[in-house]
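Going down the list, the protein sequences come from chains A and B.
Residues 19 to 507 (the numbering used here) make up the first sequence, in order.
Residues 236 to 330 (the numbering used here) make up the second sequence, in order.
These are calculated hints, taken from the structure and not from any lab test.
Not one of these hints is a red herring.
No more than 30 Å apart at the CA atoms, straight line, and that leaves these computed lysine-lysine pairs for DSBU-like:
(1) 50/A x 313/B
(2) 246/A x 244/B
(3) 242/B x 246/A
Here is how the chains run, residue by residue.
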Amino acid sequence: MSKEKFDYFIKGEKGKYEVVIGLEVHAQVSSKSKLFSGSSTKFGADPNNQVSLIDSAFPGMLPVINEECVKQAVRTGLGLNAKINNYSVFDRKNYFYADLPQGYQISQYKNPIVGEGKVLLDMPYGSKEIGIERLHLEQDAGKSIHDMDPSNTYVDLNRSGIALMEIVSKPDLRSPDEVNAYIKKLRSIMRYLGTCDGNMQEGSLRADVNVSVRKEGDKNFGTRCEIKNVNSIKFMQMAIEYEATRQVELIENGKEIDQETRLFDTKKNETRSMRSKEDAHDYRYFPDPDLLPLKLEQKLIDDLKISLPELPDKKKERFIKEYGLNAYEANILVSEKEISDYYEEVAKLSDKKLAATWMMGDLFAMLNDKGLDISKSPISAKNFAELVQSIKTGEISGRIAKEVFEIMVESGDNPKKIIESKGMKQQSDPKELEKMINEILSKNKDKVDQYKAGKEKLFGFFVGQVMKLSGGKANPQLTNEILKKLLKG
Amino acid sequence: MSLDKEKIKHVAKLARISVDEAKVNSLTKDLNSIFKFIEQLNELNTDKVEPLTSILNQSLRSRKDEISDGKIREKILKNSPKENEEFFVVPKVVE
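So here's chain A without its partners, still in its complex pose (with noise of 0.2 Å):
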């Protein structure tokens, strides 16, 4: 396979500049209750139906750590190939916003429960490594909803201390592609482990992205502005191409590029300063006093290391091994956990490459259509194996098939039953055709005799009257074969 080259550059009028940049990823720790207090973390409750008076920080109360929230952690450290802390400490990191009742965020600074690791991306110009800087755990503050009032802000603590891990990495991302990769990469790990849903609409996954520029080959990074909050990969991409390009306009006027925080405005499509957050690095860290330091014996560590599942990048190792599949495949069929779990039932009981090759072209085009999960298929996988196995076979078509598979996805029946049923089992009788070709033949005389004179052309019409004749049942190579044979004579 050719590869291609790395091609993404903001074109100014001096040169081309690189695009450098550095994703903070919030997500959502999948646990039963919040990360200091047992309240419920269920998402679309009642506003402030699931707030205890830990969340909503009242005098008193002193929080205690959710140990799943910690083994989630600890997982997903894993699955990153991170080091892993056993001594980390929590720490208050503060501002005032009427969505943080605290008025400080239980957070971890310097002393973080995950440290460095990596995460490979499949790229078209080949495989690149992103490293982790850091995994912590930290409270989600609450929601702020501004449109319901004219003069006022509606707060709904329900989200209030549900358990967070923020994901550093670092800057090794260059474009809004890699930022795909790595997000969709990140996601995938993430729902593997079950340590979070990755469901992008409901906010479990965000992110804070760093953007700067720098001339091509420059060995230093230039000034990066921090865009807050951006909750869709679509955006995320939009917010850094608009960010690199006004980057590249102040420096090729000659101006500063200030360092700071800005919000994208996902109507306008532009990103702007957030004034309000002028003094928003100014947090005054300090050890959470409420909260001795998280420490973890190593045997627990090496326990939830022996019972992660097997990950997407050993599984498409595996899937290519033992499956016979290229990378390509490969890649999408283990990119959600589901997938594979359905490509492997099907495999099991069907041809291998061809299971890969209809699924990945009519079943997936069928639920995107649909805008269904592979878990919501209408078709099962074991009725998906046999329509497989039919092709392979021979029993039908492939252009029978795509109808057979039509009427599985209408009535969800095996694919036997609507072949007998329908009598669309494919003509391979040597003999039947022989004779249906005979009948062609001998009524078309006149292009039997252009054939022979050196029309050849004239195969492929003989071809769609067998088809016709048939009802697109006949065997096409079964067909090839004897037409040939009959015209020759």
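Dock chain B against the given chain A, drawing on the hints supplied.
Then chain B, alone, in the frame of chain A:
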């Protein structure tokens, strides 16, 4: 470390404490003398001393992941200066 008037104003702003301009001078003086007192500790060499995180010899207490709290909206909202049936209501804060 010494604090100047600007620093005092800045910290007050971050802490949302309003400081009377007339009081800034005396506050600066007071805080500086407090800092001076604390800084005596710097005379001690603590290179090989682990930071003390608690005077109790305990480790962090944890709990199981169970839902044991919440559904007390009325109680929670009761102390809010302004609220409706469902939300805390605060003056508009918007970017």
